[in-house]
Amino acid sequence: MGLRINGRTRLAGIIGNPITHTLSPAMHNAAYEALGLDWVYVPLPLEDETDLMRFMGAARVLPFVGFNVTMPFKQAMLTMCDEVAMLATMAGAVNTVHCVDGRFIGYNTDARGLVEALQAEVGFSSEGRDIVIIGAGGAAGAAAVGFMLGRANRITIANRSLERAEELYGRLAPHVRTTEVAVVSLSDAEEAISSAAAVINATPVGMTPSEPSPVPTAWLRPGQVVCDMLYGPHRTQLLVDAESAGATAVSGLGMLVAQGALAVDIWSESAQTRAPRDVMHAAAVDALRGVQAGEAAPA
Numbered sequence: 001m002g003l004r005i006n007g008r009t010r011l012a013g014i015i016g017n018p019i020t021h022t023l024s025p026a027m028h029n030a031a032y033e034a035l036g037l038d039w040v041y042v043p044l045p046l047e048d049e050t051d052l053m054r055f056m057g058a059a060r061v062l063p064f065v066g067f068n069v070t071m072p073f074k075q076a077m078l079t080m081c082d083e084v085a086m087l088a089t090m091a092g093a094v095n096t097v098h099c100v101d102g103r104f105i106g107y108n109t110d111a112r113g114l115v116e117a118l119q120a121e122v123g124f125s126s127e128g129r130d131i132v133i134i135g136a137g138g139a140a141g142a143a144a145v146g147f148m149l150g151r152a153n154r155i156t157i158a159n160r161s162l163e164r165a166e167e168l169y170g171r172l173a174p175h176v177r178t179t180e181v182a183v184v185s186l187s188d189a190e191e192a193i194s195s196a197a198a199v200i201n202a203t204p205v206g207m208t209p210s211e212p213s214p215v216p217t218a219w220l221r222p223g224q225v226v227c228d229m230l231y232g233p234h235r236t237q238l239l240v241d242a243e244s245a246g247a248t249a250v251s252g253l254g255m256l257v258a259q260g261a262l263a264v265d266i267w268s269e270s271a272q273t274r275a276p277r278d279v280m281h282a283a284a285v286d287a288l289r290g291v292q293a294g295e296a297a298p299a
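According to the working numbering, the sequence shown holds residues 1 to 299 in order.
Quick caveat, the hints were computed from the structure, so don't treat them as lab data.
Heads up, the beta-carbon is just placed ideally off N, CA and C, and yes, glycines get one too.
Be a bit skeptical, because a hint or two may be false.
[Said to hold, decoys possible] What follows is a set of in silico ranges between Cβ atoms, one per label pair, in the way DEER data are often shown:
1. Thr-20 x Ala-173: 36 to 42 Å
2. Thr-9 x Ala-173: 43 to 49 Å
3. Glu-243 x Val-285: 15 to 21 Å
4. Gly-123 x Pro-63: 36 to 42 Å
5. Val-122 x Glu-180: 22 to 28 Å
Build the full structure now, drawing on both the sequences and the hints.
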């Protein structure tokens, strides 16, 4: 049937830079149509934090139901929300904002989205397993939180800058219960990576086909799950190397769909409304075909 916009239509969208090739509008609008929601989702490119502040002011008075946040504003959004859910505080990043009566409530659906996607796609559960997360930014924080909630045995944060990895550890440490969390310089992560049940790339390395894998192929092994949070029309070098090593390679597309579906679940404010993951996935795959070859995007 397609979108029918009228005076009662609510707004949703994604803010970030760059978002030229985002798949979110396609999958969200497909979900809204399937659910019969009078909403429309649009890309909202912002240049910098000055633009971000202006947008936040406008969003308070416009009929927004909510919006998603991607690079480079996930961490800045923490301080711009009126209320922040515990998962987002732990992760150090907000990727979903719910607009309620002019107030902004920040969430992080990346954490649960990653866990949901790995379970759905390859049947992977982090309970009792050792996991390595490459990176120390907002995406890495979300992954760590997701696996902590999933009762992983050990999470190793491997990053080129050990100082940034230690900063992430400091944020997670007060919430650690049964999971052991360690940090290591990426250059010294061979033992942790080669023995891990799952390796997660939470960095932008691999966004273009010419970029190498963040880790040597020799560090990967059969039986591992190797997930790259990036998605795009090309396989990242990490995923190519993982397959050649006999590991199970997973792109970030499933995570993109799951985190977006969780956002819809939050915005709908109804326990009876569950975003149709299959519809959103099909729309995302279809939109991905139209993305220019050689481009990848972060989940």
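Hint check:
1. Range check, Thr-20 to Ala-173: Cβ separation about 38 Å, and the 36 to 42 Å hint holds.
2. Taking 43 to 49 Å as the suggested C-beta distance range, the pair Thr-9 and Ala-173 conforms, at roughly 45 Å.
3. A hinted range of 15 to 21 Å holds for the C-beta pair Glu-243 and Val-285, which are about 20 Å apart.
4. Taken as a hint, the range 36 to 42 Å holds for the pair Gly-123 and Pro-63, whose Cβ atoms sit roughly 41 Å apart.
5. Against the hinted window of 22 to 28 Å, the Cβ-Cβ separation of Val-122 and Glu-180 comes to about 24 Å, which satisfies the hint.
Checked against the numbered hints given earlier, this structure breaks none of them.
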